[in-house]
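When you number the sequence shown by full-length UniProt numbering, it's gap-free, plus one each residue, and the end is 341.
None of these hints come from the bench; they were simulated from the model. Treat each hint with caution, since some may be false.
[Said to hold, decoys possible] Here are the in silico distance ranges between beta carbons for each label pair:
#1 T233 x T129: 42 to 50 angstroms
#2 A305 x V183: 57 to 65 angstroms
#3 T246 x S143: 51 to 59 angstroms
#4 E277 x S221: 33 to 41 angstroms
#5 C328 x T246: 50 to 58 angstroms
Glycine is no exception: its CB is placed at the ideal position from the N, C-alpha and C atoms.
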Amino acid sequence: MLRSSTFTDSGPRCSCLPVSQTLNSMDTVLMGSLQHCCCQLPKMGDTWAQLPWPGPPQAAMLLVSLLLAAGLMHSDAGTSCPVLCTCHNQVVDCSSQRLFSVPPDLPMDTQNLSLAHNRITAVPPGYLTCYMELRVLDLRNNSLMELPRGLFLHAKRLAHLDLSYNNFSHVPADMFQEAHGLVHIDLSHNPWLRRVHPQAFQGLVQLRDLDLSYGGLASLSLEALEGLPGLVTLQIGGNPWVCGCTMEPLLKWLRNRIQRCTADSQLAECRGPPEVEGAPLFSLTEESFKACHLTLTLDDYLFIAFVGFVVSIASVATNFLLGITANCCHRWSKASEEEEI
1 MLRSSTFTDS GPRCSCLPVS QTLNSMDTVL MGSLQHCCCQ LPKMGDTWAQ LPWPGPPQAA
61 MLLVSLLLAA GLMHSDAGTS CPVLCTCHNQ VVDCSSQRLF SVPPDLPMDT QNLSLAHNRI
121 TAVPPGYLTC YMELRVLDLR NNSLMELPRG LFLHAKRLAH LDLSYNNFSH VPADMFQEAH
181 GLVHIDLSHN PWLRRVHPQA FQGLVQLRDL DLSYGGLASL SLEALEGLPG LVTLQIGGNP
241 WVCGCTMEPL LKWLRNRIQR CTADSQLAEC RGPPEVEGAP LFSLTEESFK ACHLTLTLDD
301 YLFIAFVGFV VSIASVATNF LLGITANCCH RWSKASEEEE I
């Protein structure tokens, strides 16, 4: 006889039936009235050793019954679908369900998970630990401000990540830690995104598409991009770029890559300084940054010192003359008053 067991005190109880009653209970199993069986099945050799030999027909039916029951239990354990979600062919769709948190349990073989168009504010640490087959994660149009550290440590096959239309303010250095399989990252339409850490995309050698458009970026470190050898598409338009001297290294790198890296050159514009406001970002040349490379020679410093000295002497002389003039006017006015008396 097989051992019986239960789930928890609060959950449904589950007992494994004696083998002699297995045939009689198959109708019940097939109708779905039995709950998940959580007991440990004995070894097949031990089971047959304990059973009286019923004859070939009964043995065949018993074997089929055991296999069916095991198959049903395995199927139930591996394909449970979260409430408010739909699951089909390793795709779990929980989009547009007004969720405030991520669903706690997913099928273990999930490859495509959509949590888009909800109200999710946070993803718990270690949420993706058990879903090693995950390839696509869609978190767009939520209220996320950050992702927990090490979220992708076990998601080695994750290739497409959509974080657009959220509330990220910065991209830290460890945001995509160990997510070396990423091919596409979408961080567009995060209006509060002000900073991308220089090492934010470190190790993502397979990354081909990066979307940073329509955020709040005024500058971007060259170090954040030059470690992406496979980059093909870069979207940076719609940001308030300040095209000062700090932007020159990035623009020079982009000009050298523009033949191999598609960029939204028509949408990327300068918001400052005033002399280049509204100018397309990719229209700036080395001549535009000529002032950033001006250096003063010894003659320049001597000239500036001489001019300063002359200006200071002139200022003292001017003040002296003004003082004398004021004193003379005062005496003249006093003398005029005495003559009238």
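We went through each hint and held it up to the structure:
no. : hint                            : verdict
1   : T233 x T129: 42 to 50 angstroms : 31 angstroms, violated
2   : A305 x V183: 57 to 65 angstroms : 59 angstroms, holds
3   : T246 x S143: 51 to 59 angstroms : 32 angstroms, violated
4   : E277 x S221: 33 to 41 angstroms : 23 angstroms, violated
5   : C328 x T246: 50 to 58 angstroms : 57 angstroms, holds
In the structure shown, a violation is registered for the earlier hints numbered 1, 3 and 4, in ascending order.
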